[in-house]
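Given the coordinates of chain A, work out where chains B and C should sit on it, guided by the hints.
Residue numbers (the numbering used here), protein chains in the order written: chain A, 1 to 157; chain B, 1 to 157; chain C, 1 to 157.
Source of the hints: derived by calculation from the structure; they are not laboratory data.
Fair warning: there could be bad hints in the mix.
Repeated chains share a single entry, so a pair holds when one copy, or any two copies, can fit it.
Pairs of lysine to aspartate or glutamate residues, derived as DMTMM-like cross-links and limited to a Cα-Cα distance of at most 20 Å, are as follows [as the list claims (entries may be wrong)]:
1) LYS108 to GLU60
2) LYS108 to GLU50
3) LYS52 to GLU106
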Amino acid sequence: MSVNGKAEQRLRDLGIELPPAPTPFGAYVEAVQSGNLLFISGMLPTAGKEAKYVGRVGVELSVAEGSKAAYMAGLNGLAVAKEYLGSLDKVTRVVRLGVSITSSSEFKEHPKVADAASELYESVFGKEKTSSRIVVGSSSLPLGCAVLLEVILEVEA
Amino acid sequence: MSVNGKAEQRLRDLGIELPPAPTPFGAYVEAVQSGNLLFISGMLPTAGKEAKYVGRVGVELSVAEGSKAAYMAGLNGLAVAKEYLGSLDKVTRVVRLGVSITSSSEFKEHPKVADAASELYESVFGKEKTSSRIVVGSSSLPLGCAVLLEVILEVEA
Amino acid sequence: MSVNGKAEQRLRDLGIELPPAPTPFGAYVEAVQSGNLLFISGMLPTAGKEAKYVGRVGVELSVAEGSKAAYMAGLNGLAVAKEYLGSLDKVTRVVRLGVSITSSSEFKEHPKVADAASELYESVFGKEKTSSRIVVGSSSLPLGCAVLLEVILEVEA
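With the rest of the complex left out, here is chain A:
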């Protein structure tokens, strides 16, 4: 039933090269499937074990840097999904993106930051598979990161 599954082709067309899938920072795994739902662990803007965007968006980091952090976390999520599934063509829907943004209480531009991840997933999976979304501000995130991304995918049985 991969008739509409063009994600791998889109990745190539867009010239997106996925990073190696991140590995856990503790006693958990990066992806768990239950039924048709694939729950991916909180993705950070990391390369290997190194945090690349550290600080609060709107204080130490600009909105543009926050967006780059969200994009990088998004790529890590795609890498985890591909490693688990073998092919991103098995994704039938992006069910939920949850975006946590380290920020002070004055910050209001959450949608701009979150859109960098959302637009990446739209470009890879297509607008017809666009997700629901939750975006919140966090007091802090693991390793001091600026953004954490939650991903729930619907996948072929």
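Showing chains B and C alone in chain A's frame:
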């Protein structure tokens, strides 16, 4: 199987008029169904595109104002569900309510604020469909809002 | 199909005695099952109605105290699951642990705190049922608690 589905009648009995369903602030949709679960995007205390309760509960806003914000976000969630499903009678269970409250570190009265949304859903869907719940304090929320509500519903297949 | 379900035996072998299951602080229930997924409400480091670890990890509380708070919330989650299911042997997978940690913006040691809950669940359910995980910093949590734990379990139909 709408034998127990009296939500629409209850809405009328309670004199609750739903607002127009909110529309996204970014690259996402307001509701995604996967199997029997309907994931609704983070609902805010907004009317149209305007945030109605801005600031931290316990600092700029009182607990009573925070409760009104939670109720308003709850109404928006019902409006999204009704638009997606056609009728709230198709809801077989409120699975999860997640309530994020913008607050300082001194705030402790989360349950009071969250109950305004929970009690709304209980009054509409009935106590036998009461949800599980997660309530946390956020450093900030989109548009500066005081409350964000996550809703996961179980719906007829 | 409880062939692999050795959680109850492991609990005994480890000498873990579960506390009484917590009861809600508001208009919600502690567990909702939909299909094979059991959604447990946000668990706190409480005994009865009393919060045992209050304050920010890294400020008023040490990382070690935060870990104890996460462990205590984890035990409460097991107590809720056992009360709902009758036996923890019905758990086929720990799908998701979500850990919120009250913290200032300088805090970075989230994985250490969260691991206290994750390792508890691994020791009870086995490494082959290890969860995905989301860990974030919260500005505040209900009752002033240091940690809140979200648990989603996959259970026998």
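For each hint, the structure was consulted:
For the identical chains of this complex, LYS108 and GLU60 are neighbours both inside a copy (15 Å) and across copies (16 Å), given an alpha-carbon limit of 20 Å. Taking the shortest Cα distances, LYS108 and GLU50 sit within 20 Å of each other only across copies (13 Å), while inside one copy they are farther apart (28 Å). In this homomeric assembly, LYS52 and GLU106 come within 20 Å of each other (Cα to Cα) only across copies, at 16 Å, whereas the closest approach inside a single copy is 23 Å.
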